[in-house]
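Heads up: the protein sequence lines correspond to chains A and B, in order.
In terms of numbering that gives the first Met the number 0, the first sequence opens at residue 0 and continues consecutively.
In terms of numbering that gives the first Met the number 0, the second sequence opens at residue 0 and continues consecutively.
Hints listed in this document are in silico derivations from the structure and should not be mistaken for laboratory results.
Hints may contain errors.
Per label pair, the in silico range of CB-to-CB distance [unchecked claim]:
| id | chain 1 | residue 1 | chain 2 | residue 2 | range |
| --- | --- | --- | --- | --- | --- |
| 1 | A | Thr51 | B | Thr33 | 33 to 43 Å |
| 2 | A | Asp78 | B | Glu59 | 45 to 55 Å |
| 3 | A | Lys79 | B | Val53 | 33 to 43 Å |
| 4 | B | Asn28 | A | Pro125 | 19 to 29 Å |
| 5 | A | Ser82 | B | Glu1 | 20 to 30 Å |
| 6 | A | Asp4 | B | Val51 | 13 to 23 Å |
Glycine included, each C-beta is placed from N, C-alpha and C at the ideal position.
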Amino acid sequence: MMEGDEYCKYVSRTAPKTGELKTLLSAFCVGGFICMIGQGFTDLYAYLLPETEESMIGALTSMTMIFIGAAFTGFGIYDKIGSVAGAGSIIPITGFANSIASPAMEFRKEGIIFGLMAKMFVIAGPVIVTGVVSSVIVGAIYRIIAVV
Amino acid sequence: MEWWEYILKYGKVFLVGGAVCLIGQLLINKTKMTSARILVTFLLFGVVLEAVGVFGYIKEWGGAGITIPITGFGSSLAKGAIDGSKISLFHAVTFGLASVSAGLTAAIVFGFLVALIFKSKPKKL
């Protein structure tokens, strides 16, 4: 029998190496490519809606990318991209959409409320909580600085 | 804009966006972080960059390369809070979430609809 530590070493020694350079390169290329698509939508919306303020163009771009991420998840394409791209598909906003749509689909069989609706936040929940709490902290600190 | 200016601009977007994801992949390879941890880490990264005032400079150079990754989500949260802090404490603590309401609404509604329409395929292991 092997102890825990020993077993971990054994696994890391014998598990097939994924080729670190390859994973880094594919993450870089896929991530960069997704961002270029996002820039494309930003430029397109800025061209179509010239009077619109920048923040709304950004919001429209996010919504479009989220739609694409969710739709690709539905068709099962995003998982295929993810198995190659790793962080290149997780970090862009499309990956955030995937992190909501994917568990929602998977747990739908456990019911709409306790399956789909509850489990859709398995990954997004921590992200949203972190974001809201940190934005409150930032806002409070800036307010204190503004008042003092 | 000339055609070569577009190539330069989109090249920068590709570089910055690629670099962010490369750092993420490095973290995954080195620490075996899960995707939830990666997303939280980069979100906080965006919040901090915005709070210290660096995010705007990166955005000016790299455009969507820094706003499309989840760092952009964090930046919007912090930027909303900072804008709100100029009005009152109430706005300072509520404007963060308000500024990402479009993205959050889209993510929840599209995620919900996709799960209603599509059936999850059994995963190949």
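- Message: Can you tell me whether the CB distance of Lys79/A to Val53/B sits inside 33 to 43 Å?
- Response: holds (35 Å)
- Item | Assessment of proposed distance window 45 to 55 Å (beta carbons of Asp78/A, Glu59/B) | 35 Å Cβ-Cβ, so the 45 to 55 Å window is violated.
- Given the range 20 to 30 Å, decide if the beta-carbon distance of Ser82/A to Glu1/B lies inside it. violated (39 Å)
- Item | C-beta pair Asp4/A, Val51/B: status relative to the range 13 to 23 Å that was hinted | Since the Cβ atoms of Asp4/A and Val51/B sit about 40 Å apart, the hinted range of 13 to 23 Å is violated.
- Query: Taking 33 to 43 Å as the hint, is the beta-carbon distance of Thr51/A and Thr33/B inside that range?
  - Reply: Since the Cβ atoms of Thr51/A and Thr33/B sit about 38 Å apart, the hinted range of 33 to 43 Å holds.
- Task: Evaluate the given range 19 to 29 Å for the C-beta pair formed by Asn28/B and Pro125/A.
- Result: Since the Cβ atoms of Asn28/B and Pro125/A sit about 22 Å apart, the hinted range of 19 to 29 Å holds.
In terms of the numbered hints stated before, the structure departs from hints 2, 5 and 6, listed from lowest to highest.
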